[in-house]
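Next come the chains, spelled out residue by residue.
There are 2 protein chains.
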Amino acid sequence: MHRAQIKLCNELREISPHVKNMKQLEYVVLARRVSQIKEELRQGVRKPYKEVIDVSWGDPHRAGLKPLTFVRQVLSTCLYPELMNSNRLPADVRQRAQRLLGGCAGGSVGSYTATEGIPEIVHSVSEFITRRDGGVPSDPENIYISPGSQWALTNILNVLVNREASTRTGVLTPMPCHSATTLGIMGLGGVVVPYYLSEEQGWELQVEDLHQALESAKGVCNPVALYVINPGNPSGQVQSRKSMQEVIRFVSERRLFLLADEVYQDCIYGENSEFVSYKKVLTEMGPPLSDTVELASFHSASKGFMGECGLRGGYVELVNLDPAVLKYIKTLFSTDSCAPVLGQLALDLMMNPPQPGDPSYPLYDMETQHIRTTLVHNAKRAVSVLNSLQGFCCQPVEGGAFAFPRVYLPPKAIQKAKEVGMQPDTFYCIRLLEEAGLLFSAGCEYGQKEGTHHIRFCIMAPEDVMEELLKRLTSFHTQFMKEFS
Amino acid sequence: MHRAQIKLCNELREISPHVKNMKQLEYVVLARRVSQIKEELRQGVRKPYKEVIDVSWGDPHRAGLKPLTFVRQVLSTCLYPELMNSNRLPADVRQRAQRLLGGCAGGSVGSYTATEGIPEIVHSVSEFITRRDGGVPSDPENIYISPGSQWALTNILNVLVNREASTRTGVLTPMPCHSATTLGIMGLGGVVVPYYLSEEQGWELQVEDLHQALESAKGVCNPVALYVINPGNPSGQVQSRKSMQEVIRFVSERRLFLLADEVYQDCIYGENSEFVSYKKVLTEMGPPLSDTVELASFHSASKGFMGECGLRGGYVELVNLDPAVLKYIKTLFSTDSCAPVLGQLALDLMMNPPQPGDPSYPLYDMETQHIRTTLVHNAKRAVSVLNSLQGFCCQPVEGGAFAFPRVYLPPKAIQKAKEVGMQPDTFYCIRLLEEAGLLFSAGCEYGQKEGTHHIRFCIMAPEDVMEELLKRLTSFHTQFMKEFS
Numbered sequence: 001m002h003r004a005q006i007k008l009c010n011e012l013r014e015i016s017p018h019v020k021n022m023k024q025l026e027y028v029v030l031a032r033r034v035s036q037i038k039e040e041l042r043q044g045v046r047k048p049y050k051e052v053i054d055v056s057w058g059d060p061h062r063a064g065l066k067p068l069t070f071v072r073q074v075l076s077t078c079l080y081p082e083l084m085n086s087n088r089l090p091a092d093v094r095q096r097a098q099r100l101l102g103g104c105a106g107g108s109v110g111s112y113t114a115t116e117g118i119p120e121i122v123h124s125v126s127e128f129i130t131r132r133d134g135g136v137p138s139d140p141e142n143i144y145i146s147p148g149s150q151w152a153l154t155n156i157l158n159v160l161v162n163r164e165a166s167t168r169t170g171v172l173t174p175m176p177c178h179s180a181t182t183l184g185i186m187g188l189g190g191v192v193v194p195y196y197l198s199e200e201q202g203w204e205l206q207v208e209d210l211h212q213a214l215e216s217a218k219g220v221c222n223p224v225a226l227y228v229i230n231p232g233n234p235s236g237q238v239q240s241r242k243s244m245q246e247v248i249r250f251v252s253e254r255r256l257f258l259l260a261d262e263v264y265q266d267c268i269y270g271e272n273s274e275f276v277s278y279k280k281v282l283t284e285m286g287p288p289l290s291d292t293v294e295l296a297s298f299h300s301a302s303k304g305f306m307g308e309c310g311l312r313g314g315y316v317e318l319v320n321l322d323p324a325v326l327k328y329i330k331t332l333f334s335t336d337s338c339a340p341v342l343g344q345l346a347l348d349l350m351m352n353p354p355q356p357g358d359p360s361y362p363l364y365d366m367e368t369q370h371i372r373t374t375l376v377h378n379a380k381r382a383v384s385v386l387n388s389l390q391g392f393c394c395q396p397v398e399g400g401a402f403a404f405p406r407v408y409l410p411p412k413a414i415q416k417a418k419e420v421g422m423q424p425d426t427f428y429c430i431r432l433l434e435e436a437g438l439l440f441s442a443g444c445e446y447g448q449k450e451g452t453h454h455i456r457f458c459i460m461a462p463e464d465v466m467e468e469l470l471k472r473l474t475s476f477h478t479q480f481m482k483e484f485s
Numbered sequence: 001m002h003r004a005q006i007k008l009c010n011e012l013r014e015i016s017p018h019v020k021n022m023k024q025l026e027y028v029v030l031a032r033r034v035s036q037i038k039e040e041l042r043q044g045v046r047k048p049y050k051e052v053i054d055v056s057w058g059d060p061h062r063a064g065l066k067p068l069t070f071v072r073q074v075l076s077t078c079l080y081p082e083l084m085n086s087n088r089l090p091a092d093v094r095q096r097a098q099r100l101l102g103g104c105a106g107g108s109v110g111s112y113t114a115t116e117g118i119p120e121i122v123h124s125v126s127e128f129i130t131r132r133d134g135g136v137p138s139d140p141e142n143i144y145i146s147p148g149s150q151w152a153l154t155n156i157l158n159v160l161v162n163r164e165a166s167t168r169t170g171v172l173t174p175m176p177c178h179s180a181t182t183l184g185i186m187g188l189g190g191v192v193v194p195y196y197l198s199e200e201q202g203w204e205l206q207v208e209d210l211h212q213a214l215e216s217a218k219g220v221c222n223p224v225a226l227y228v229i230n231p232g233n234p235s236g237q238v239q240s241r242k243s244m245q246e247v248i249r250f251v252s253e254r255r256l257f258l259l260a261d262e263v264y265q266d267c268i269y270g271e272n273s274e275f276v277s278y279k280k281v282l283t284e285m286g287p288p289l290s291d292t293v294e295l296a297s298f299h300s301a302s303k304g305f306m307g308e309c310g311l312r313g314g315y316v317e318l319v320n321l322d323p324a325v326l327k328y329i330k331t332l333f334s335t336d337s338c339a340p341v342l343g344q345l346a347l348d349l350m351m352n353p354p355q356p357g358d359p360s361y362p363l364y365d366m367e368t369q370h371i372r373t374t375l376v377h378n379a380k381r382a383v384s385v386l387n388s389l390q391g392f393c394c395q396p397v398e399g400g401a402f403a404f405p406r407v408y409l410p411p412k413a414i415q416k417a418k419e420v421g422m423q424p425d426t427f428y429c430i431r432l433l434e435e436a437g438l439l440f441s442a443g444c445e446y447g448q449k450e451g452t453h454h455i456r457f458c459i460m461a462p463e464d465v466m467e468e469l470l471k472r473l474t475s476f477h478t479q480f481m482k483e484f485s
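As you go down the protein sequences, you meet chains H and E in turn. Sequential numbering from 1 applies to the first sequence in the UniProt record's numbering. Sequential numbering from 1 applies to the second sequence in the UniProt record's numbering.
It cannot be assumed that every hint is accurate.
Because identical chains cannot be distinguished in the list, a pair is counted as satisfied if it fits within a single copy or across any two copies.
Below, in silico cross-link-like pairs of lysine to aspartate or glutamate (EDC-like), each with a Cα-Cα straight-line distance of 20 Å or less [unchecked claim]:
hint : residue 1 : residue 2
1    : K330      : E39
2    : K66       : E82
3    : K50       : E40
4    : K38       : E435
5    : K330      : E141
6    : K380      : E200
7    : K38       : E120
8    : K66       : E164
9    : K280      : E246
10   : K66       : D365
11   : K418      : D266
12   : K471      : E483
13   : K242      : E200
Just so you know, these hints were derived from the structure itself, not from any lab.
Work out the full structure, taking the sequences as your base and the hints as a guide.
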């Protein structure tokens with residue numbers, strides 16, 4: 001065998017069994033089966049459903065939500081500037097396209113940009129942050145635009161994870177947590193140090209659990225950072241200011257770098273929930289905390305009402321970093337090419353939507369209000385239907401894109417899953433897919449307390465799709481519970 | 001100081017002085033100064049030129065080449081499908097947009113795709129490769145679409161570079177070589193093992209230099225891969241089949257992984273030059289070589305006649321890899337999100353351009369012919385003007401995007417550069433920028449034989465821009481040589 005291959009195969013063996021399990025047994029089993037089912041449906045095989053509803057991704061357009069007209073009009077005009085001559089497009093669309101192209105080299109979205117992003121858009125981002133945080137200043141020098149927030153997170157993790165140290169680097173990570181982050185940490189050679197969110201308290205982050213997580217890391221790894229995601233994925237909670245203050249005090253005492261994933265900041269559904277950024281809370285707490293806690297905050301054009309996952313645009317803002325470290329991060333970012341230009345432009349549109357009085361405002365307002373109403377409705381409706389079913393318990397979905405109900409599987413179902421070599425919630429999801437044409441994902445992909453089982457599905461979908469989904473789920477679940485009772 | 005920061009600053013010290021030098025002293029000095037000059041020009045400061053010509057990037061649109069109409073029409077229609085109702089757009093544009101949207105979840109370019117790319121486009125890529133290589137089969141399972149070829153290369157390097165081994169991993173890399181690759185290798189903790197191309201033989205790759213490079217690595221690192229770029233950047237040579245066969249035999253004997261960067265495959269200007277892919281040559285050589293040599297070949301939508309750098313779409317095809325290793329690479333790719341959807345669609349358009357008889361064909365053909373003629377003209381014209389100037393010697397530009405002439409700087413100029421703390425060719429480039437408004441890059445960014453100096457500039461520009469550039473260069477250079485004679 002080739003020497004590179006021997007080394008690869010060693011690495012292969014080194015991949016945590018947890019990851020291998022997750023990726024191969026859980027998600028991949030479902031993904032493979034859904035392709036087969038779609039093919040069968042195309043070939044006319046009769047099933048109890050005409051099409052699969054795929055709500056396994058946090059992907060609004062996939063689930064049937066419509067893109068925002070203003071966004072698509074501006075971006076298509078940037079791609080094909082001939083459209084500026086058409087008076088079918090509103091004047092503000094044409095003006096915006098003109099302005100955005102002014103920031104592109106050679107007036108083309110086909111040119112590279114600076115690796116940290118188009119300067120005008122970096123400034124837009126910093127102005128947006130300042131407005132959002134009620135005047136807390138944001139320095140454009142601390143902002144990097146990237147092909148999605150996950151990419152920026154990986155780059156920062158790459159700086160934090162020390163592969164050469166004898167003790168491996170740990171990152172405190174919530175459980176449950178979406179798998180891109182946990183896989184990212186492990187892929188870089190870091191150790192995921194889980195802290196469990198309190199499901200019974202609406203998935204609240206409790207600082208005792210952070211202390212416990214640090215304890216658990218002793219002798220295993222050297223924790224250098226704490227990752228939080230607010231609003232949560234998959235947990236859907238929105239952190240209170242008090243909880244955030246506790247987190248900030250904790251990372252300060254323990255000298256941890258704070259990684260705040262805030263990509264769902266526009267997705268708030270709870271009546272008493274409010275998004276406040278970690279940067280704002282940190283600033284409010286005053287010195288010495290506000291001058292010393294190192295913070296990276298992530299945001300994206302993929303989530304929120306725009307939902308442009310496919311364009312790949314996100315950013316990170318870094319707070320309180322040593323200038324020498326910032327310079328190093330800049331070097332790291334600059335070894336890669338720039339973020340896709342259309343993703344960068346989408347960020348500008350997200351930061352600066354049409355304002356009252358603009359020709360595009362009425363339609364933009366109608367579309368975003370419609371999405372907002374739909375999501376608030378879906379979040380409530382999903383929780384209410386789930387909690388009406390025997391064997392489900394769903395915490396309120398206060399924000400984010402997902403419902404993550406606990407499912408109390410009958411012992412016979414758990415036994416059956418064991419027999420076929422599957423995690424019990426994957427077994428549930430496979431049956432749900434086969435019999436009801438619903439593609440959900442299994443709680444075991446996200447990390448859950450031993451002996452508990454969950455399923456995750458995206459609530460970002462049109463109301464009729466959500467109703468159909470809940471109808472199919474109700475009918476399947478009732479049948480499933482009967483079968484294994 | 002914070003423990004994460006201490007570790008960061010250690011890493012900072014560890015960055016090779018070579019990299020720090022390149023990035024900070026050479027490129028950054030130029031980039032900073034060009035921003036200031038542009039600002040001065042905006043404010044009406046009088047200079048001997050009205051605007052800066054920036055040919056320091058391999059970026060056709062930046063230099064003034066126009067995007068292809070067909071490409072932009074299809075992509076803008078995919079973004080804003082309302083345009084399909086307009087009969088201003090050719091029928092094949094609308095049909096193509098319709099077909100491409102059929103491969104996007106929810107019919108939207110705003111949805112995520114599979115991490116290896118939209119299946120239909122992966123198939124397009126494999127069919128393109130098979131056609132290009134005269135029937136050599138290409139398996140879609142071995143193709144990964146990525147946000148640009150550089151990103152795919154970094155991912156493969158990430159697999160090859162073993163950070164935990166006591167001996168560091170080496171990658172044989174041509175000198176000169178564009179800096180994204182060298183920085184990428186070093187950023188991952190690998191060692192760049194330079195092999196020098198023979199400038200006097202038109203930057204030919206000579207197998208003796210590969211042997212010599214391997215010798216030089218002894219006791220320093222463990223070489224596992226050979227990186228070649230054909231056509232070359234910055235060197236502009238096109239490899240002969242014979243040279244490629246030698247490279248293949250060499251990597252086979254030395255059990256090296258072959259990384260073939262073939263992003264400039266459409267950019268061939270030499271009358272006797274022809275692009276042949278490494279995969280084709282490898283297949284022609286038959287077993288055992290064709291069954292055993294591990295090869296990764298990279299291509300991109302950024303280069304060629306389309307020149308859509310800003311959309312970020314590329315791919316890698318892997319040949320002869322162990323299925324277990326492939327699976328591992330797939331896992332690595334899948335920890336990141338998909339490539340930007342519009343970059344993926346651009347690849348499809350590159351692979352399947354309009355054909356004779358299609359409504360878009362005449363315009364497409366005219367535009368691509370025009371670009372081709374321009375580039376062939378520019379390549380010849382640049383070499384001929386450079387070689388007519390005292391102190392320049394430029395090898396033929398047979399392919400790629402750049403001219404990379406050697407400049408014989410007078411000892412007084414070298415002395416002056418030393419006094420101001422700059423590399424001599426950076427000093428030349430700074431003066432060229434100040435006095436002639438031309439942004440080139442300095443040979444020291446790419447690696448060159450001790451005591452030699454070069455400059456690099458992109459020849460992908462409209463003819464009038466190239467003429468203006470050569471005029472300014474001629475006048476500046478004559479003055480410069482006089483000043484330091």
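Among all the numbered hints in the text so far, which are the ones the structure does not match? 1, 8 and 11
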